[in-house]
Each structure stands twice: as structure tokens, then as C-alpha cells.
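Undergrad: Sequence:
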Amino acid sequence: MLREVRQGCVWSPLLFGIVIDWVLKNSLEKNDLGIVLEKRRSSRYQKQPLSDLDFPDEKALIHETEQRLQHATSKVEEKGRKVGLTINSKKTKVIDVAEERNDIATILSNLNSLENVDKFVCLGSTISHNGNLTSELDIHIGKAANAFNRLLPVMRHKSIKMPTKTAIYQAVVLSTLLHGSESWNTTVQEEKRLPAFHTRCLRRILGVPWQEHVPNEVIFERISQAPLINILRYKRLTWLGHVTRMHQARLPSRLLP
1 MLREVRQGCV WSPLLFGIVI DWVLKNSLEK NDLGIVLEKR RSSRYQKQPL
51 SDLDFPDEKA LIHETEQRLQ HATSKVEEKG RKVGLTINSK KTKVIDVAEE
101 RNDIATILSN LNSLENVDKF VCLGSTISHN GNLTSELDIH IGKAANAFNR
151 LLPVMRHKSI KMPTKTAIYQ AVVLSTLLHG SESWNTTVQE EKRLPAFHTR
201 CLRRILGVPW QEHVPNEVIF ERISQAPLIN ILRYKRLTWL GHVTRMHQAR
251 LPSRLLP
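Read left to right, the sequence shown gives residues 1 to 257 (full-length UniProt numbering).
Hint data in this document are derived by calculation from the structure and do not stem from the laboratory.
Any given hint could be a false lead.
Said to hold, decoys possible - As a list, the in silico BS3-like pairs of lysine-lysine whose alpha-carbon atoms are at most 27 Å apart:
no., residue 1, residue 2
1, K161, K143
2, K82, K25
3, K192, K143
4, K93, K75
5, K75, K119
6, K59, K91
7, K143, K235
8, K82, K59
9, K235, K119
10, K75, K59
11, K143, K59
12, K59, K25
13, K79, K90
14, K91, K119
15, K165, K192
16, K235, K165
17, K75, K90
18, K25, K75
19, K79, K91
20, K93, K79
21, K93, K59
22, K158, K143
23, K119, K143
24, K82, K93
25, K59, K119
26, K93, K143
27, K39, K59
28, K235, K192
29, K39, K25
30, K79, K25
31, K25, K90
Owing to the predicted nature of the structure, the values given are computational and were not obtained by experimental measurement.
Put together the whole structure using the sequences plus the hints.
TA: See the structure below:
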């Protein structure tokens, strides 16, 4: 590449994708790095490793040992320099995905030690070291509650019809609450938190205080809304159908048990 493009140029995303793809393909050896999705069964069915996850300018290197992760980081750093790309040490984090962690990995980039974290936010989702969704649900419920509180003047306005209020609630509050929920691996206890928030919002839209002891079933019928657990299951089944229709070579299909 002999000429640079300006920020905002329509060619920028395509050219960046080509460059970063070259960096990763020349940095990560297929058979040496990453985690193994499928073991080798024969000469025809080779092992299937996974060494990185990519989304525009967000890259995640996945490896089973500290030594392999350091090797991969150094290789990406080396190849990136050849095309004018560097790793931002301040924004790059290291997370050890395990229930119990004995040692803290020390990964270097540009002679700087990368920060080890218990959790981090990537593309709107919170990734925790132990795989639970406590932090993720806290953030989603907090954001949805903030969105609902901002809409309270609309929800209390008597001249706005109920179908309009519920449509706004679904578009703004529910979409915030359930963003990415199709891939959540929730426990029974975690799932109880979401319906509680949902019914509380619906009661406030209807102006029904909890002291009146109106059953949730009556609330759902009055406002023509489904229980949240049904909405969550529908989203999961929709995503499952989408994944099962994917080509077997695609990563989501390969990761599906």
C-alpha cells in the first residue's frame, strides 16, 4: 500500500480489514496456538484450533498458557509494525478465564506489562473471569432502569394511548435490558432478577401500586405484554435457529454443542 486514505473514506474499513487479516494470518500458526475446538480424528479430519476472535478493530487472542499468549502477542506486535500498526498497551487487557486463579499472568507489549482484569466490556457485553452474569445483569438492569426513568413523563401522560407507551417501552427499555441475551447462560436465580424488573416497569406504566396485590397475570393481560421469561426464550430459540442454519464451517455453528 503506497497511499494513505483520510479518516472517513469509504475505502478505510475495507483496507483496514485486509491489513489486519494479513497481520493475524502471518502471526498465528494454525497448529501451534490457540485452544482446540475439535481434536484430530484422522488425516481427513484435522484438529480445529481457535486462536483469535475478531470484530472490526477489536481483537482477542485466546490461548491456554501464559507462554503461548505472550508468543502470540509478540508475533502480532512484530507483524503489525511492518504495516504501521501498534498495540495500544493502555487499552489492551488480559483476563484469565477460570473459576480459581492461582497466578496472575504477566504479558508484555511494547515493553509494557498489560493490565490484568477480572472483567471487561467488549461490544456492550461484560466478560467476567468466572463466566457468571452477575456484573452483566447489574449493568443491563441499571441501563434499562435509567432509560425507563427518563421516559416516566411519557408513561404518565394521560393523552398518550397505552399501545404507544408499550411500543416505546419495548423499543427503548426492553431492547436495552435484553441486548445480547440470546447467548446468555443464566442460572435460575439470575433469571428471576429480569422478570422482577419487567413487571415493576409494567405496573408503573399502568399506575398499579404493589400494595393492591394485583397478580402479574392480570398485569400482562391488561397491558398486552408477555412474561419476560417467554420473551427471553423466544430470543434464544430465534438465535438457535439462525445458528443451526449456518454453514458448519462458521464459528458459531462449530461452537454449538
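Undergrad: May I ask which of the numbered hints given earlier this structure violates, with the numbers listed in increasing order?
TA: Failing hints: none at all.
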